[in-house]
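Take a look at the letters that make up each chain.
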Amino acid sequence: MGYRYMTAGYHTLRELQEQAVLQNREVWEIVRNADMSENERSAEASFEKMTIMYQAMKQADESYNGALRSASGRAGGDGAKLQQYNAQGKNICGDFIGKVMEKAIKMGESNACMRRIVAAPTAGSCGVLPAVLLSYEEDFSATQEDLVKALYVAAGIGTVIAENASLAGASGGCQAEIGSASAMAAGALASLQGGDAETIMHAAALALKNMLGLVCDPVAGLVEVPCIKRNSCGAVNAVTSAQLALAGIRSAIAPDDVIDSMRRTGNQLPACLKETSEGGLAVTESARVYQRHSNKRRIEK
Amino acid sequence: MIIFWKIGEITDMDLFDIVGPIMVGPSSSHTAGAVRMGYVAGKLLGEPIQKAEILLYGSFLATGEGHGTRKAIVAGLLGMQTDDYQIADSFEIAAQRGMEVAFGEARLEEAHPNTAVICLNGISGKQTEVQISSIGGSRISIDKIDGINTGFSGECPTLIVHNIDQPGCIVAVTSMLAKKNVNIATMQVYRSAKGQQAVMVVECDQLIPEDGIVWLAGVEGVQKVTYFPGLTA
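As they're listed, the protein sequences go chains U and P.
Numbered per the UniProt record's numbering, the first sequence spans residues 1 to 301.
Numbered per the UniProt record's numbering, the second sequence spans residues 1 to 233.
For the record, the hints were derived by calculation from the structure and aren't laboratory data.
All of these numbers come straight from a predicted model, not from anything done at the bench.
Treat the hints with care, as some may be off.
Which stretches of chain P does chain U cover? Using the computed rule of at least three CB atoms under 8 Å from a CB of chain U, they are [to be verified]: (1) 59-71; (2) 82-89.
Calculated pairs, SDA-like style, for lysine to any residue (alpha carbon to alpha carbon, straight line, at most 20 Å) [stated by the list, open to error]: (3) LYS180(P) <-> GLU40(U); (4) LYS49(U) <-> THR232(P); (5) LYS49(U) <-> ASP84(P); (6) LYS224(P) <-> ASP143(P); (7) LYS58(U) <-> TYR85(P); (8) LYS296(U) <-> ALA62(P); (9) LYS49(U) <-> ASP83(P); (10) LYS51(P) <-> GLU109(P); (11) LYS296(U) <-> LYS144(P); (12) LYS58(U) <-> ASP84(P); (13) LYS58(U) <-> ILE22(P); (14) LYS49(U) <-> GLN81(P); (15) LYS49(U) <-> GLU155(P); (16) LYS51(P) <-> GLY122(P); (17) LYS49(U) <-> GLY230(P); (18) LYS49(U) <-> ILE22(P); (19) LYS296(U) <-> THR174(P); (20) LYS224(P) <-> ASP84(P); (21) LYS224(P) <-> GLN197(P); (22) LYS144(P) <-> GLU65(P); (23) LYS58(U) <-> GLU155(P).
In this text, a Cβ means the ideal position worked out from N, Cα and C, and glycines have one as well.
Excised from the complex, chain P in its bound form:
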């Protein structure tokens, strides 16, 4: 039986995000969710961060200070989890590690009230800009990567493939996953224009083996492969 279900706000939530996570207070959306936002952004960059510019929007901007939101995002960028007592000391730890952190205001239209735009520069010069929102409890939604709409939760292994819009790229991804016995949970495909820049966001039920990702990066037409193993991995 297949049911098409109209959702309220979130789908595919983990039961242990409803009762859980175990976290350091005071706010699940503004502290724990913010830690996760930084964590995902850092993983999406894929290398140690040299400079982070964090732009806050809506309620994050208005009430973030008292909730430790800024400290929490930086803690996540440093790789901390939601129950880490060092969240409160994240600014000092970032300074010790030579990570430059700056904050500002994000000017967005029609974004979720708890949104941040995180711009990262890595030590080898890699850059990424991620727009993420904290959508309730400690759940998050990765809304945009480098200006392209995405909209995934980060709760399961996720593959983000930047490619040229040409035949063969989608089948390369799906056949690799099939060979590795990885099931696709959701798949979103976007392109800027016919034959131009395209992006695939593939959420999976199992972890993707590293050799599969390396292989994919070498496929003709594929420009960049980003893999996020999931928040609980």
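Next up, chain U with everything else stripped away, as it sits in the complex:
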């Protein structure tokens, strides 16, 4: 596609931030208002739709089943292990981070097992955002309304990344999936903690910077290894990035520059590292064993 003109909305994190400041509004309102004007939805209809997304995330988390296994027979059950470990009080990461990790792994496993999830922004990265938001709702005094507003912030950041870079592993590598999800979650968490527009954008930038260059190398072509565990990594990265930004630390590279470099890095990655399973972890000896196991299981079925 080439050039297309637009008359409303925001196209960069800088514009999103400036509009919030100029209009004296919260970032989530700018994102919602753009949705209203671009998609002809009322404020109520838009908010209701986002609420449905949040509730679907919650249902997916609550309906996790540690006994399920994926098509390959290899993914599943790790979320239950983490839950047990956290319950034993052995958590070395603190309660909140422990919970974030647990929920991220659970959601990633549910996805691999063809359960119903919310792509945010993609299915492979579906654990990052709910892990951070659902854990926050449980451990901090936030209302569902607050969480839905935070989802808008995440969606706004994701929209900018989609427009200026990519959200697809096949064109940008895993940085475009787990990296984008992590940036979205970091911004959302910063907004929940009362961060201003600048803090939100820098939380997102700091999270994305940590993920730059991450390749998409699914073993046996499945959204299992390394995708599921990277959800936990992306979620924790979001929390630490939000905390850095909330403490007043700023990304030396402007947030939109980080997104630009993500696009460039994605374009420079060879095809073997972009969801083709022809490089990275996907071509290791262990991956061949995993593939054989999953093929055998398919034939047996």
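Go by the hints and put chain P onto chain U.
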């Protein structure tokens, strides 16, 4: 104010494709996007499918198996949405409905890595060949219909008009839309050669009433009118 904006990969995305859709896993591009591809192709045929030939390209060919891509495209052809638990059983359901399904490899040049060419035969003999790509998240791009470049997202009501390249066809489309109070979001016009085959792809902000489409099909020079009401309609 009008801003000309250089885009990265996609424009006009719906916010609920960034957070959303609610879908059955495991892949937004290879499962949910694939469901949508089949869904759009089926709607573009406009009648129940007797035979579907699905040709896969790039990453769809390489990693589609583990993502349930084939099952997902067939589920979409059957009219299923991305959150349908029956996606995993689509082959069996297609067989029950007497839909013949075959897969192959698409040989394309410079196509998006997640592309499929879907060739459909309908029960009354209608045929269509659609080239669609899954461009990230669950968004798709309908790249070609019957060999002619198109390039629309399927997210809004879309009108595809095949006509003879002669005066009056474009104004017939635009005046009908104006009368029905439908606003045009984007419009693309192609022709094979002067006075020969032409195609218009018109993306709209509102749904187009059926009588407008029926009227258009009867206009002189218009050969075929295809209407897709949008993925969320």
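Original post:
Hint by hint, which ones does this structure get wrong, listed from lowest number up?
Top reply: Violated hints: 10, 11, 19, 20, 22, 23; rest satisfied.
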